[in-house]
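2 protein chains.
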Amino acid sequence: MTAEEQLAILRRGVVNIVPEDELLTRLRSGSHLRVKLGVDPTAPDIHLGHTIPIFKLREFQDLGHQAVLIIGDFTALIGDPSGRSATRPVLSRAEVAENARTYVAQVFKVLDPARTEVCHNSEWLSRLTLEDVVRLTGKMTVARMLERDDFRRRYTAGTPIALHEFLYPLVQGYDSVAVRADVELGGTDQTFNLMVGRDLQRDAGQPGQVAMVLPLLEGTDGVQKMSKSLGNHIGITDTPEEMYGKVMSISDPLMVRYHELLSTAPEERIAAVREGQIHPMEAKKGLAAELVERFHGSEAAEQAARFFEERFQKRTAHRPTEVRLDTAADEMGICQLIKEVGFAPSTSEARRLVHQGAVRVD
Amino acid sequence: MTAEEQLAILRRGVVNIVPEDELLTRLRSGSHLRVKLGVDPTAPDIHLGHTIPIFKLREFQDLGHQAVLIIGDFTALIGDPSGRSATRPVLSRAEVAENARTYVAQVFKVLDPARTEVCHNSEWLSRLTLEDVVRLTGKMTVARMLERDDFRRRYTAGTPIALHEFLYPLVQGYDSVAVRADVELGGTDQTFNLMVGRDLQRDAGQPGQVAMVLPLLEGTDGVQKMSKSLGNHIGITDTPEEMYGKVMSISDPLMVRYHELLSTAPEERIAAVREGQIHPMEAKKGLAAELVERFHGSEAAEQAARFFEERFQKRTAHRPTEVRLDTAADEMGICQLIKEVGFAPSTSEARRLVHQGAVRVD
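Keeping their order, the protein sequence lines are chains C and X.
Quick note on the working numbering: the first sequence kicks off at 17 and runs consecutively.
Quick note on the working numbering: the second sequence kicks off at 17 and runs consecutively.
If you are wondering where the hints come from, they were derived from the structure by calculation, not from laboratory data.
Cβ atoms here follow ideal geometry from the backbone N, Cα and C, with glycine treated the same way.
Just to be clear, a hint being listed does not mean it is correct.
Here are the simulated lysine to any residue pairs, SDA-like style, with alpha carbons at most 25 Å apart [claimed, not checked]:
hint, chain 1, residue 1, chain 2, residue 2
1, C, Lys155, X, Arg143
2, X, Lys155, C, Arg169
3, X, Lys244, C, Gly154
4, X, Lys155, C, Arg104
5, X, Lys155, C, Asp165
6, C, Lys155, X, Arg169
7, X, Lys244, X, Val126
8, X, Lys155, C, Thr157
9, C, Lys155, X, Arg168
10, X, Lys155, C, Leu144
11, C, Lys241, C, Phe71
12, C, Lys155, X, Tyr171
13, X, Lys155, C, Ser142
14, C, Lys72, X, Val126
15, X, Lys155, C, Phe71
16, C, Lys155, X, Pro105
17, C, Lys155, X, Val126
18, C, Lys155, X, Leu107
19, X, Lys155, C, Thr172
20, C, Lys155, X, Ser101
21, X, Lys155, C, Glu147
22, C, Lys155, X, Ala102
23, C, Lys241, X, Val126
Now the stretches of chain C that chain X is said to cover, found in silico as 3 or more residues with beta-carbon under 8 Å [to be verified]:
hint, region
24, 138–144
25, 158–169
26, 172–180
With the rest of the complex left out, here is chain C (with noise of 0.2 Å):
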């Protein structure tokens, strides 16, 4: 495949390249690239928010190039500020371990393990001295850290950012420089970091490397960024009924942009989607059934959706008119009732229920 057929590729669903000339020079170059992802297990799953570039860099690899795959489990140690509106609470080695245990097994649903290179960023960070770490922040100044949206909206609203927040780009950076990346893939939150390793890279005497900046997912709330802090995820992990069900339980819209972000399905299939001319409910159903056959299998999503109808669909047809608690319902709350009488199968379910407005009292 020619260089530009690769860009084609690779250019889908991107928010931006920098520079995107840079990248079309190393893929004519023939070589095989270098493309690092890096993930801090700050919780123990990896969620579909996740799977965005990982699926990108499994693009990568189906052309040919190097995937290497970065634990941060030094990195989730410090906590990525990026895009926060507050310091992250501090992870103790002992729970960064645990949360990284099955990190490497979750990704290689998606990645293909014989071309990725997996490394954890404590091989190099734990080495690091405070000396180095003054050359380090030699390198960057005060003003450009707070001219980073996030951190300028913080120090502006007075609201604290500790110190070793301001290492975190840096640090990341340099595990640009430990594996000699060619490209570095992160979503838009990332481009600040994307941008410090390639300036740390030239450095250091290395080409810096190209940064893919790729779009963040929103959460089941269609608000927020997906995140397991937030409760609006949904891991790879999930049961095939609980990610069923999930998908399921997002809004319209949102289940368009999901199609978008997520979706395999040939682009005219999005486009209809897109344009109202499949009935959203199947849609949806067509989402969920895709994504949970590509982590639990086809067999597992036929169950889900079997599950799926029966439990929640079919119920709602000959849903009761009128329910007989054996508790008093002012003592109950109303997630709590709603679960009771079967419309939804746990209370966090209800509350998510509850939250998008499906539920009316009177």
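Knowing the structure of chain C, use the given hints to seat chain X on it.
Below, chain X without anything else, positioned relative to chain C:
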């Protein structure tokens, strides 16, 4: 001596003791206080400005306390940004080692070696890892750092602050933890750093040190803090003649200030100098002789005084009204000319005279 009597001595010439009641409590405990002073070998010589806290440290020693002198061979590599309007040039290890070579010998011109613990902060700072730095920086916010006068001024003016400069106060504070300081001495521009040390100690479960803030000595220009890099310093290894001559060159108001900060003469004499009851020229000669004697002995002081009188004062009486030169005057700088005709012993001394307005053309 009672704690109150000790405090009365120690308080002399001090700008601030934070908090003073804690110092009294510790003095009352009767234990030998560990009194920390850190000096970064950023220049080869100690100057009179440095001697102010060193003399205070000597006072503590004379009261039976333990001096802890930290040679900042590591911190000199970072460069203390306190009171600076721009990032310091980065020194190499070799430069710092060369500067540090005679530091201890110079300091022992004032301190009692028997009650001085000398350490180099590279002993513990070079062992700090990135993880330690993350922990340390996690205790400080960006906003608190930018509230510091010097940093705020630079940030507001758009003068770059390199990120490593933010590490300095924390690293200096860590020194206090490492040596378990009871008291730390520093100039007024060190107040922030001293308080950071206090915080870090308390965070580490130690009693927080008492900060003893001393005045900063202006250089011979009478305007800026004495500093080798500004060329307005009087080094304690200057030759007796240089030292004597530099003291004689200062302005009358600065001479009063030098008496207050440097002289050990009785308070009555200093008051007499302040109120002009002693002729400024005589007062200056007394101070010059006192300082030369302190660092070079009484014989050197007498010689320097004689040298000064013969070379400059008597010459002034027989000042030539016309001077013939071998080279054309218009091919010569004014300072060179002043030296050639014997009005100054060197061009740098001539430059000082020009700056002070002592030279008029025509």
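So, against the hints stated earlier in the document, which numbers end up violated here? 14, 15, 17, 23
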